[in-house]
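Peer 1: One letter stands for each residue in the lines below.
Number of protein chains: 2
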Amino acid sequence: MEINTKKEDLLYGVQMVQKAVIAKNTLPILAGVLFQTKNNVLKIMATDLEIGIKCTIPVTTVKEGSAVIPAKYLIDIIRKLPNVPINIKLDEENNIITIKYNSSEEYSVKEFKLHGFKKEEFPSFPTIEDETEIDFNIPVLVLKELLREILFATGLDENKPVFTGVLFKIEEKNNLALVATDTHRLALRKTSLAECQLQNLTSVIIPGRTLKELARIISNIHSFQSTEDLDQQNELVKIIISNNQALFILKNTILISRLIEGNFPVYDQVIPKGYQSRLKFKTKELLASIERAALLTKTNNQIIKLNTKLLESPNHKQDLLLVTANTEIGAIYEEINIHLEGEPVQIAFNAGYLTDILRTISAEKIYFELSGPLNPGVIKPVTITDGEEYLVLILPVRTA
Amino acid sequence: MEINTKKEDLLYGVQMVQKAVIAKNTLPILAGVLFQTKNNVLKIMATDLEIGIKCTIPVTTVKEGSAVIPAKYLIDIIRKLPNVPINIKLDEENNIITIKYNSSEEYSVKEFKLHGFKKEEFPSFPTIEDETEIDFNIPVLVLKELLREILFATGLDENKPVFTGVLFKIEEKNNLALVATDTHRLALRKTSLAECQLQNLTSVIIPGRTLKELARIISNIHSFQSTEDLDQQNELVKIIISNNQALFILKNTILISRLIEGNFPVYDQVIPKGYQSRLKFKTKELLASIERAALLTKTNNQIIKLNTKLLESPNHKQDLLLVTANTEIGAIYEEINIHLEGEPVQIAFNAGYLTDILRTISAEKIYFELSGPLNPGVIKPVTITDGEEYLVLILPVRTA
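As given, the protein sequences belong to chains A and B, one line each in that order. Residue numbering for the first sequence follows numbering that gives the first Met the number 0, beginning at 0 and increasing consecutively. Residue numbering for the second sequence follows numbering that gives the first Met the number 0, beginning at 0 and increasing consecutively.
Check before you lean on any hint, since a few could be wrong.
For identical chains, the list gives no copy identity; a pair is met inside one copy or between any two copies.
[To be verified] With a cut-off of at most 16 Å between alpha-carbon atoms, the simulated EDC-like pairs for lysine to aspartate or glutamate come out as follows: (1) K297 / D75; (2) K88 / E1; (3) K79 / E284; (4) K112 / E290; (5) K304 / E110; (6) K79 / E290; (7) K71 / E327; (8) K316 / E91; (9) K189 / E171.
In case anyone wonders, no lab produced these hints; they're calculated from the structure. Owing to the predicted nature of the structure, the values given are computational and were not obtained by experimental measurement.
Using the sequences and the hints given, assemble the complete structure.
Peer 2: Written out as structure tokens, the structure is:
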């Protein structure tokens, strides 16, 4: 294997796949990335057997072939390379990869050698099986926003795998619903897949980690032709879902992941159908208050209290929400102007969970729908595009 | 105590002093900052008994007095405050500090309360004693550069206190010499104090930590009148040195520190008077090579080898330096064009130490003076202003 390339492209490709590399593993080979070159294209691949990422970059193929290179050292050295033409060559006999970065203007030789892994040991890159259940396209920017709105609610406890994933559910009328919950809060997002005809309805659980990687890939992806970069508006991600795998195909990068087995919790009946009280807020104003309150509540299980109050003066009436917390460190008392429908509110929440939600919602104004101090609250944007739906449910905290 | 102030000024003042606060201490009071207000000025002070920092900011003094406030929570809440007028008031009876940040446009009340510390327990801010040995002024930008050039060479081992400090030595002809060494390398910087008449020659050891704080203060300091900010060129730091303390007086911030007792190692005789070989480099080119080599040497005590070589072709002669390292991970071989005077070189160094030095030197070109593989090397800028001196000495590594 031998290629000529440039630093920028090489770094892009290796960084794209690096999150699928695991340094500490019982299988040392998984600390490597696979280079495969043919027809002036370099495929760079990494997998931890749960997810796999493949990125394709343009190179000059001097000699076709492949090599498995230790990822960590490869990235470190690429970052430190000067901006000169780079040659990478595998000495097949000794399995040594030589990276040459000589400047043509100088007499000097500069090269860096790394011991390769045995390429026979590299696992075959996962491919999607024949029984493709479904495939559809979604605009990359739409997907990015959906992921942002949902991923914060996934759980981290690997002993409860379904809670670490996101439910992808294709509903009738080509609607896609995403749901995530860690049992303390639940995020639900529906969007319509305008331009595709889905044959099968399906629902799968995709690991939260996969989708976080997907979000990272979307944020970092770029074209090798700079003019295309202007066109991310119209760019699509193709999603293919099979029995046990999901595949995300982007411009020059492919992400493949196993699915999570198991039954996603029944969420429909958890979501309240109505409310006793509905509060209307400026999102950022409530967030700022909760963030300040959270400073005090580290010694207090993060409990903050929300109470409504009517401010009456001869010529003015104003509903207020009182955000309060009281701990051994100090106390906070904030009044926020709100619009209240229904009954007065007296409820407590975990400040951290509430902060996560409010940071995620990009809408300027939100509704907070409540049904007494023991029932879940529902937060949703005041305005949302027709056919779309977004809500976050949060459990209150019982206080003595 | 009661003041009116604004977020920006308050944050500036508290951040300036915060590095003198220690959260974990046998004396809980040292986790606090002292506020003292009088005549529309707020003095903010913190000390860990080793160093003390005082910053003065403009406020409206509503009621003279003082309070000691937990630093961590104070900084956290100030960062999160909106940009509205801020009122801070001490309830003397309960020792509770109330921070009010109501927006005048709204009906709402917003306040944050913190339990104060007992102000009687706050140590008196260290003052310089009468027996001032010496005081002089130095331009703030000159001092900043001197510190940068010297501080990397201080040691971190608290069991060898003199090595954690920097020798400040006032030499004849109003020369100031700074010296630091951790026994592996030594940095020496001399500068002339053009505009001051020193009565006494003296030499003291100032803690490296103090000087790192001083460098941070210099980087962050600003005026409350924005026009003055343009004038940092001409700004001076006044340095007062007594028997056992050093005081640094800046625009609105004062840093005071104990000195380190003990004898600084005799360094004059360590610095080689001549050399067998002198190499001339581009600083950044050598640095880039060493940084790349360092990637490989983590498993190898960071040893890199430097050898000279003469490249001869019929119409060209060029001295080269070969930078090489060879470890179980891989190998590096780089040739750098140099100018060599004297004998060929074959020597080994610690890549980390060499990197530290080369990152510090701002000169475009440097000399590396060597006297065989067992004697210290000396690195110095090729050009330096008259009357100034800067050199860094580094011990080689013995290789088998």
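Peer 1: All the hints need checking, so say for each whether the structure fits it.
Peer 2: Outcome of the hint check:
| no. | hint | in the structure |
| --- | --- | --- |
| 1 | K297 / D75 | between (38 Å within a copy, 13 Å between copies) |
| 2 | K88 / E1 | within (4 Å within a copy, 71 Å between copies) |
| 3 | K79 / E284 | between (44 Å within a copy, 12 Å between copies) |
| 4 | K112 / E290 | between (50 Å within a copy, 15 Å between copies) |
| 5 | K304 / E110 | between (63 Å within a copy, 15 Å between copies) |
| 6 | K79 / E290 | between (40 Å within a copy, 7 Å between copies) |
| 7 | K71 / E327 | between (46 Å within a copy, 15 Å between copies) |
| 8 | K316 / E91 | neither (82 Å within a copy, 35 Å between copies) |
| 9 | K189 / E171 | within (12 Å within a copy, 79 Å between copies) |
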